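J.: Okay, here's what each chain looks like letter by letter:
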Amino acid sequence: MIETIDLAADLRDRLARVREAMAAEAIGTLLVYYRGQHNMLRMDQLMYLTDFRSIGPAVLVVPRGGRTQLFVAPPWDAPRAREAAGAEEVIGVDPDGLVAAAVTAARNLPGPVALSGREIMPVSVAAAFAKALGAEPVDGGKLIPAIGAARTPAELERVERAAAIADEGFRALCEVARVGMTEYELAAEVEAAMQAHGSEDNFGLIAAGSHNIAIRPPSDRKLEAGDVIIGEITPCYKGFLAQLCRTFILGEPSALQREKFAMLIEAEQRGFDVAVPGKPSAGIAKAVNEIVGGAGYAEYCRQPYMRTRGHGLGLGGVVPYDVNEDTGPILERNMTMVIHPNQYLPETGYMMLGDTVVIEANGPRCLTKTPIKLFWKDNS
Amino acid sequence: MLTQHTVLKRGASYWDRALLPQASFTARLQAVQAAIAACGDDAWLMYGDAQGYGPVAYTTHFFPRTRSALALVQRSGEPVLLASVGLRDIPASKTMTPVEDLRPFARLPGEAVKLVKERGLEKARLGVVGTTDALSVAEWSAIAGELPEVEWQRRDEQFATMRAVKGKYELDAIRAAAAVAHRGLEAAAQELAPGRKMREATAAIERVMRYGAAEDVRLLVASGPQCGVALRPPDDRVLEPEDTVMLVLAVAVQRYWAEAAQTFALGAASADQRALEVKASAAVEAMTAALHPEAHIANVAHAAESALGDPALVRVARGYGLGHALGLDAEEAPAIVAGSPAHVASSAAFGLHVVLHAHGRGACAGHTVIVGHG
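For the protein sequence lines, the chains are S and C, in the order given.
Those letters in the first sequence? Residues 1 to 380, by my numbering.
Those letters in the second sequence? Residues 1001 to 1374, by my numbering.
Because the hints were derived from the structure by calculation, they are not lab data.
There may be inaccurate statements among the hints.
Covered stretches of chain S, going by a simulated chain C footprint (3 or more residues, C-beta under 8 Å) [unchecked claim]:
| hint | segment |
| --- | --- |
| 1 | 66–76 |
| 2 | 152–160 |
| 3 | 202–209 |
| 4 | 299–309 |
Everything numeric in this text was worked out from a predicted model, so none of it was measured.
Idealized CB from N, CA, C, for every residue including glycine.
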């Protein structure tokens, strides 16, 4: 895919907004620590500012003015970091020397120093920061997620591409699923199809059974005729994730399965209807639960049967985070999220339906293009 | 070798009881309990996350696919496992572990504190394994803050010593992983071809390994001019007719890791390129020959560096590391480093690799070696 947005300009704009926030919070220098342990539900703040998806731990030193410095471990990964559009100066360091090197650089910069990444920081790294800084730094962990709540043009382009890859993954699932193959072989096919189309990572869960309790990782179970295959497919394109949830039946669906899946389609649509700027994200969960609960499944709209009705997705987990009835932020234009009325039902087991959307002025626009319907393969 | 961590372990997730029978975990549990008693501790809290799950998987065979897990092992009795899954995920999670008492958590500190108190250990002497380098400081502070009368003891070294010696079943699992890694290299010979994007080729290579029941697959590559610079995750570069391709792969099967590395020539390699490949292979073979039970790690490193000869090549190879023990974690102690005071255990597995860049060219070689018989 040829990217059409000026990425460097987009990154400069992100950095400028972070610096404005630093000024507002009276922060002189921000240290952004990233452990290298990528997580779908946690924002990669370092990549937000650099466009560098790290292999090992890294620290970005952001002074309120002047050049940023990116300290990267292991040192051999520094040349790749230098290719990143948002990396101004890159220094390769051994993991053991990472914190000391970054803090030494920060000593010559304006204070006070704020630190982001404490929530993912191992005990030993926190001790190294405390020792090197000599004082407890200001907590800067919430600064970038607030700024990165909505997608920039360059970010949105990547989420759209990730969504298209998710469609490709499900297309592969429909094409190759057959009786006798193991769940993990099916997952391997989906993975390969998405990687060939540009996916670099995937929060992918594929499971099957006649009555699924929940989505789970693929096992050595062999697919059987009539299996309900559920897939949570979440490819990553240049750091950005999009998710598609669908249900595929290895045979002709029963009338009951069709009926219950139609309820999920209605629930998703009701969720879409209230996913508009200015409304709380909690409204999506309420709208979905009204349909499912109204059909007599209220107790299944809670734990342990259901965790969330969606979540923010972009560069890892982003605002509005989990979509639940009790709490959630006000939706803004260009937020991206998955809305998924995935549901366990006692008659059919767990069925999945979910799409990645971008919130636009008049409501959500689906970025995943796979038809919103129940899929099946007739083996007869 | 360090590779790019994934957002989820998404490969084959099950317990192969023929490869790793229940009895193998009973033996490990007894060994840990003996170590707890030898240390004068009442119990150990053994923590692992998706990136490094060794401490928690050792007695439980459980590995967190994302986030983390914590096992409480007391001097006697069965362990208790806390896993970052939902209540609805427990039935599937239980198929992965011999541990009967498996409990979900949304937030670790609360459940860990509750468990310690439930077992009457709030004034006990507790060893901790894996917490310092993996557990977040926020979680650790919350746990320690709620248990002010516990006497905490770091037991990472004791655990490292214990797991450095691999049992028969562990070595069998590593062999299984190494066989899948070998299949990956065989696939690479077919899939790396001019005109193809690197990412398309590695997708096909990874597919083969995932068909081999891989839980996790990691790939680092370099092609064409990249070979003179550094390894990297697969990208969209289109392979060209005379390209050299460097491929380093790591794979986990039944929680156990193996790795392999090879250089592929898509056309006729130059004499200089072939010479570099010979150097890399010779260094790996020299290490392999030097690896035997009780060998000095420093001598193993020296064997590789002597084979390389050129100080510039030695410097590059050291940058990537020459190898390390492996098992439940992709990188375990000891690392093969010049001057290391460590010894090879009586029964162990090592991932050996030599990665070289010189004058715009590159080469790599590597494999997994079993030492002793478990």
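J.: Next, verify each hint and record whether it holds.
T.: Hint-by-hint comparison with the structure:
{"no.": "1", "hint": "66–76", "verdict": "holds (count 3)"}
{"no.": "2", "hint": "152–160", "verdict": "violated (count 0)"}
{"no.": "3", "hint": "202–209", "verdict": "holds (count 5)"}
{"no.": "4", "hint": "299–309", "verdict": "holds (count 4)"}
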